[in-house]
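Chain A is already provided as a structure; the job is to place chains B and C on it using the hints.
Protein chains in written order, with the working numbering: chain A, 25 to 409; chain B, 57 to 406; chain C, 34 to 374.
If you're looking for bench data, these hints aren't it; they were derived computationally from the structure. Each statement offered as a hint is correct.
Every beta carbon over 10 Å from chain A, so not counted as near; a handful from chain C, in silico:
#1 61
#2 83
#3 88
#4 103
#5 104
Straight-line C-alpha distance at most 25 Å; calculated SDA-like pairs for lysine to any residue:
#6 A:273 x A:208
#7 A:107 x C:265
#8 C:285 x A:113
#9 A:107 x C:280
Glycine included, C-beta positions come from ideal geometry on N, C-alpha and C.
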Amino acid sequence: MTDPVIDVRNLSITYTVGAGTFYAVSDVSLKIYPGQTVGIVGETGCGKSTLAQAIPRLLPEPPATIGGGEIIFRGTDLVKVPKRNLPMVRGTGIAMIFQEPLNSLNPAYRVFDQIAESIRIRHYRDMGWVKSFQGGEVPFDYSKPAAPPTVGSALTRPIVPDGALEEAARDRLRTRSEFREEVLNYLRLVRINDPETILNLYPHELSGGMRQRIMIAMALSEKPSLLIADEPTSALDVTIQAQVLTLMKELIDEVDASILFISHDLGVIAETADEIGVMYAGRLVEYGPVGDVFRSPRHPYTKALLKAAPAHYKSDGPLSSIPGSVPNLSRPPPGCRFHPRCPLVQDVCRRDPPPLAPVDKSADPQARGLHRSACYFAEEVPGLP
Amino acid sequence: MTVAARVVRRDGPLSVFWRVLRANPLSFVGFLMCLIIGLTALVVVVDPSLIIPFGPLQETAARNAAPSAQHLFGTDNLGRDIYSNVMLALPLDLGIGFAIAGSALIIGGGLGLIAGFYNTPGTAVGWLSVSIMRVTDIFLSFPSLILALALTRVLGLGVGPTVLAITITWWPYYVRLVRGEVLAVKHLPYVNAARAAGTTENRILLRHVLRNVLEPTIVYFTLDIGTVLVTYSTIGFIGVASKYPGPQPEWGAMLAFYQQTGSANIYPWLVLAPGAAIFITVLAFSLLGDGLRDILDPRTRRAFVRGTTTHDPPAESPAPLAIPSAAVTDSNPMAPPLAPVGPVETGAPP
Amino acid sequence: MGRSLSDLFIFIAKRLLQLIPVLLGVIILTFIVTHLRLTGLCNEWYPHAGATTLAHCQAVYGAPLTNQFWTYFTGLLQGNWGQSVTGVQVYPAIAADLPATVELVLAALFLMIVIGIPMGVIAAQYSGRLGDHLVRIFYLSGWATPTYLGAVIAAIFIGPAVGLPSGGEYSTTIPPFPQYTHMSVIDAMLALNLPYTVDAIDHLIMPATVLAFINMGIATRMTRASMLEVLPLDYVRSARMKGLAEFWVLYKHALRNALITTTTVLGITAGGLLAGTVVIEEVFDWPGIGQYAFTAIGGNSSTPNFAGAVAVVIIFAIAVVVANLVADILYGLLDPRVDWR
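Just chain A, with the same shape it has in the complex (with noise of 0.2 Å):
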């Protein structure tokens, strides 16, 4: 029985802008594992990509503040870490890829220049040069069989600070040429085909897929546990999305990092993620295995949800949406936030919020891989037209 990578409890986020307090996350728990990809999928300001940012406390906290909870990685709760030990704590452990390719890379500086930076910073932490975290053993999942090793699992296999060390020469500094070929094996990682023409070129002489390719590249570099994608392919042409997706699908077979998907987009989660989260106005409403979500919804939103998704080979009837507005988070609605909009709404909707429960009532509430939902009528859901 491993631990999980990764462990939010209860957490709550606000933001407090001028006009008000917007409630963004409100008592979300996640846990996810070793070698797991958990997707989260829901409408734009559900709070996902907020509740993405906060786990490795990215978010500039005074605007937003971390209302309540505890985010466990490596046996410490994140929530509780002073600002200023914050960069010791990124960068060895978790990693984070962005939506925008125009914003992501550095317009001043070269790709060997960025991707060699956090190898470096890796580098000086190895040696002791700069004080890193020491959070304790990166859990491994002895359950999952072993796979045959590959480059990427080599290049990729998360950092033990006081582990063994796979490289004799750790203890001396590199130099710029030792640096120069680590950063093309990471470039061919993301299976970009001529490294070596890249490595001299800024962001701006680069298409979006290829930036998106040396972000993934750069998050990989610094051998995380846990790589989280905030919406990675939302922002590129189809084309290009498919291809990037089929890149990452094929690391997430190669890497030993746990992923953190984010996206609005049902199918992109559906070919990438092991487990899924739905959001809705803040809340997590539905999580489970992604099969089960998806063929057996067992919350209203979810279901609505997956009708809406317009299928490509069906023209018959208007599209199908869901009635009403999502709430506006400065005054979120009490009880369930989903119930002014629900079709199985009762009383006890209104007054009280129902807890992430497993479907099945008969099972052990801590077991992994439940399909949990957050619904009073859960078991009403598939009825629904």
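Coordinates of chains B and C only, in the frame set by chain A:
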């Protein structure tokens, strides 16, 4: 991360103005200060005897007296009351500031609108626009103080000629500012939509472009009042404008007089009083203008608008950095590249 | 791409060539502005002069305007920039004074960069909170202080209080020594004399600080604005995620991009600095072009110097144009997206 496109229900402009001002304490302070200064100037013009006890040249018995209840800012070696002189200079300096900045705004702004809007090459008006910009660029190569000083020699000494001299030096800045804003707005999608709907170019200029240009121009104008004031009083200090002591005092001239007669280090109030007056006035307008600029800046403005949107702040990332000069400034490559669309920087006062 | 070394030469050369018509325009405009008369030129500039002076003045400036311009222009190119009413040649005087002003301006520029830009970064970092307000009060105070006020207060009150001298380039106790560059600090260093160098630096501090304080606002403001634009961008967050200390995130990644737009205000800054030297050099008795300009214009009831005034206006304008040129080149260097062709 995209933002949900929602209809924002905003409160009326006045309440937004108040809320914004309150949220931005420094600009609110500036606003209050400007209000007080304006009212004081009004009082001095209408009925000086209300707050001014002595005449400007009136010699009293107290010579070189330190500030006291009777002489709030002390007196000089002939017993002239400094407070009275400072107060009497207030409407002059303030009025000069508004007059110069206002004239420069009207002249320069008008030229800028033409140069920005009607600049299709090959037409007569297009040729006019190009020549306006050439002349403006050459004017802009001179530090404003230097050119104004040279002009005072041409136009003669005194308040009137100096005001004219500074105005001639000042209008080019407005041309550049307004032209830049017009260029940025001219081809916005909604302006093109108006064109597609059949609106004439003149109408577009008046109804759509002008409204957008007005905001940053007003901000610049507010900041400019202070800058003009400083320029004028610097010229007064150099000694080629007003004469002090005289029937109409002026802050810069006062300061120059007392600094040169050498008694300032023994009687610091002689120099500090007019200096403080200038400093406070310019600071008031600068606070207000700088705060206004922040308020109108779309980046920081989002934080102040109350609406019923449900987007996750922070919203989408702003546009990337400024386009290089060649793409935007088609006129003089010597002119600095235009900053991204938004309030423009003013020059530092001399 | 278009950014090799030979491309750089093309880039700079193109701009240098575009410099020439602007310089011509500057000279012509100065000439027009100063020689156009409402009243008699000689009466205006030399109201108290005697008959011989007036006659001499008329001889030079009574000729038709175009003739005057031609003689003037050719004279400029040959190094004859006219002379004052007492017969002192303008060009040698300016040549001797210019380096001192350059030294002062460079010192002020240095202070502005070293203090002003980090303040802009701090203001952006704590945007909307106390740090931002404090920075804003600081630079707006500088902006709101007229040069003469700041100079007078610094010279009379602050200088003696802090113990820094406010008069001239060197203490009067120092014997004159050879001035090769006419820049006080450099000359003292060239003379290999440490006490003189320290003395020169002491004398440089107050005027440079006042000049910098007054003009700092523009750099700080622009840095703050472009930092605010850059900080929310994804690559800044990527830099944080790599585990870089906040200091490096701000200065190595964010500021590097924000500085690109800050260079665009270099031209305006130069104008402000130069205009400020007129008053500052007068108050601090600094032997530079500003002081020369002050007396040439007739400040402080000194005898005006027409030729000198014209020359000074041209020089200042040339300096601003050059500063804009430098800013443009710097922009092209700093922003990798600019094509040098």
